[in-house]
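Note that the protein sequences, when read in sequence, are chains A and B.
The first sequence maps to residues 1 to 239 in my numbering.
The second sequence maps to residues 1001 to 1326 in my numbering.
No wet-lab data here; the hints were simulated from the structure.
All values reported here derive from a predicted model rather than from experimental measurement.
Where is the CB? At the ideal position from N, CA and C, for every residue including glycine.
Some hints could be false.
Stated by the list, open to error - With beta-carbon atoms standing in for the labels, derived distance ranges:
#, chain 1, residue 1, chain 2, residue 2, range
1, A, E67, B, S1243, 43 to 49 Å
2, A, Y139, B, R1106, 29 to 35 Å
3, A, R127, B, P1300, 29 to 35 Å
4, B, A1286, A, I133, 37 to 43 Å
5, B, R1005, A, Y139, 33 to 39 Å
6, A, G41, B, P1300, 35 to 41 Å
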Amino acid sequence: MNNYVLQAEDVAIHYGGVKAVDGVSLTLEKGQIRGLIGPNGAGKSTVIDAITGRRRLTRGKVMLGTEDVSALGVVDRRMRGLSRSFQRTSVFGQMSVRKQVELASHKMGVSDSAADADAVLEELDLRPLANVIAEDLGYGEQRRLDLALALVGHPSVLLLDEPMAGLSVQESHDLAHHLTALTSRRDVSVLLVEHDMDVVFGISDVVTVFELGRVIASGAPSDVRADPRVREAYLGSAA
Amino acid sequence: MSIQRMSLNTLAALVIGAVIALTVSSGTVLSLLTQAIIYAVFAIGVGLLLRQNGMVSFGHALYFGAAGYGIGIILQLGLMPAELAIVVTLAAIAIVGLLFGLVIVRVPGIAFGMLTLAIGQMFFLTASRARGLTGGADGMSIDWPSTLFGISQSVLLRPANLFMLCWIVLVGIILLLALLLRSRFGSITEAVRDNEERARFIGISTLLPRAAVYALSALVTGVGGVLSALNTGFISPESLHWSLSGMTLMMVVVGGYKALWGPALGAVVYFLFKDILGDYADHWMAIFGIALITVIVFSPTGIAGALQKLRFRHQATPAKAAVSSH
Ligand SMILES: Nc1ncnc2c1ncn2[C@@H]1O[C@H](COP(=O)(O)OP(=O)(O)OP(=O)(O)O)[C@@H](O)[C@H]1O
Ligand SMILES: [Mg+2]
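Please put together the full structure from these sequences, using the hints given.
Listed below in structure tokens is the structure:
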């Protein structure tokens, strides 16, 4: 027995001849933040697609707690606490901030969905924008709304695909702060895909490095940073 | 919109209808208006699908015509009283709409439109060729009984009364839809329309809501068909033809689909155009086409969208002035 909240075993996703993800194993413990880095096209987003059910597995299996969810669809996995945000902002353009966050919370079966939505909006500093239509928000605000949609309903696992992309230094710093606070307060485990090395190495408990659809290194941030293969393949000699 | 505001608007709409029914003495004008209101109901069905689902149907005449055929055939065979025939026909349309919906809403974009067109035409051809029951291309008359819902036919079919009936049905449908769309069903369908993929990732199974919107729009269109059957006492394959679906779609675009009542406005404008221009020009459709293009270019949200923008500006201006005076 183990106490992993999430376990991906030998996961592979092939697009025809392209092996976007080719035999990846990953785990998340309760309350853990795992950073996932790798060069463009390494397969980071695809592995999130695989875990959330957006893409069908070519091979492998995904365990959520003790349940094999490999055969389940996106909706069923989300209902079981597996939640994600998107690299390309994905919100409901014509709906107000509160309406969509409240709807998401309601769909998750939260009894007081209005309170849950307001709490999440508060945590992400979106409360003052609650009545704004999503498409009228600024880019950074939309990123936070995307995150809010993933956060409601008390998910156990959050897969965040470059949540800091396009944010200012200050904004990503704040978001990183939010994330660490969230994991402890909401007891949620996070897989954080991010290009901002300071953020990843700053807030992750463990870091995994991808290259060409495979894991080339995994472990404590300091060990990964020191790994010669990682330095060569990804961080560059300057790191 | 608050419930209070809604009840007020509904009341105002009913009063307007009554005033029209009481003051317009010309039977021709009233029956023109009645026709416009019947198509307004039809157009609201088509507009609903576009508004809540983002889908364009080229085949909704199917449900418009099916209502007439359903009632016509049931009455001809003497299967049940007319009142029940209406209910059964509408229920059947809703169910068929849901079943069709579950299959065809999966088809994206233009392909969906083509599919609705194909299905509609299939039924058009079937009705045109089926000689026995439906009278084929000649159509069939509908044997309405002498009293319907306790009202004698001669009273019901008086132009002012028939107009008022159609008007009440129209207002009722808009009110019911407005109430329904305020509910959870409204926000779910909005979310699915805005971003179907993200909707799944917040736990919404998207197929059923989309099929339900399709079924609802079929049902509303079917109600229009029932009114038409009552108005003309006749049904022919013309009522199933795609050109009717296309015409209604034009009403939806002209009126604007963002507001529930937009398509209804489009229908009225269409019929007024047709009546006024039809007297002067053989090719009034061409003129209407130019009007259509003008609306699309200058107000993609239709006349309703333009009106709402105007009203918004009106309301916003004093508010801004108040803020800046501080
Ligand atoms: N739908 C698809 N069909 C074919 N190949 C795809 C598809 N989606 C992604 N790929 C390929 O799979 C590989 C992994 O892509 P993925 O988006 O997972 O990378 P990533 O690590 O998230 O990159 P980035 O840092 O740019 O976001 C890339 O080579 C990409 O071209
Ligand atoms: Mg990516």
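Identify every previously stated hint that the structure contradicts and give their numbers, smallest first.
-> 1
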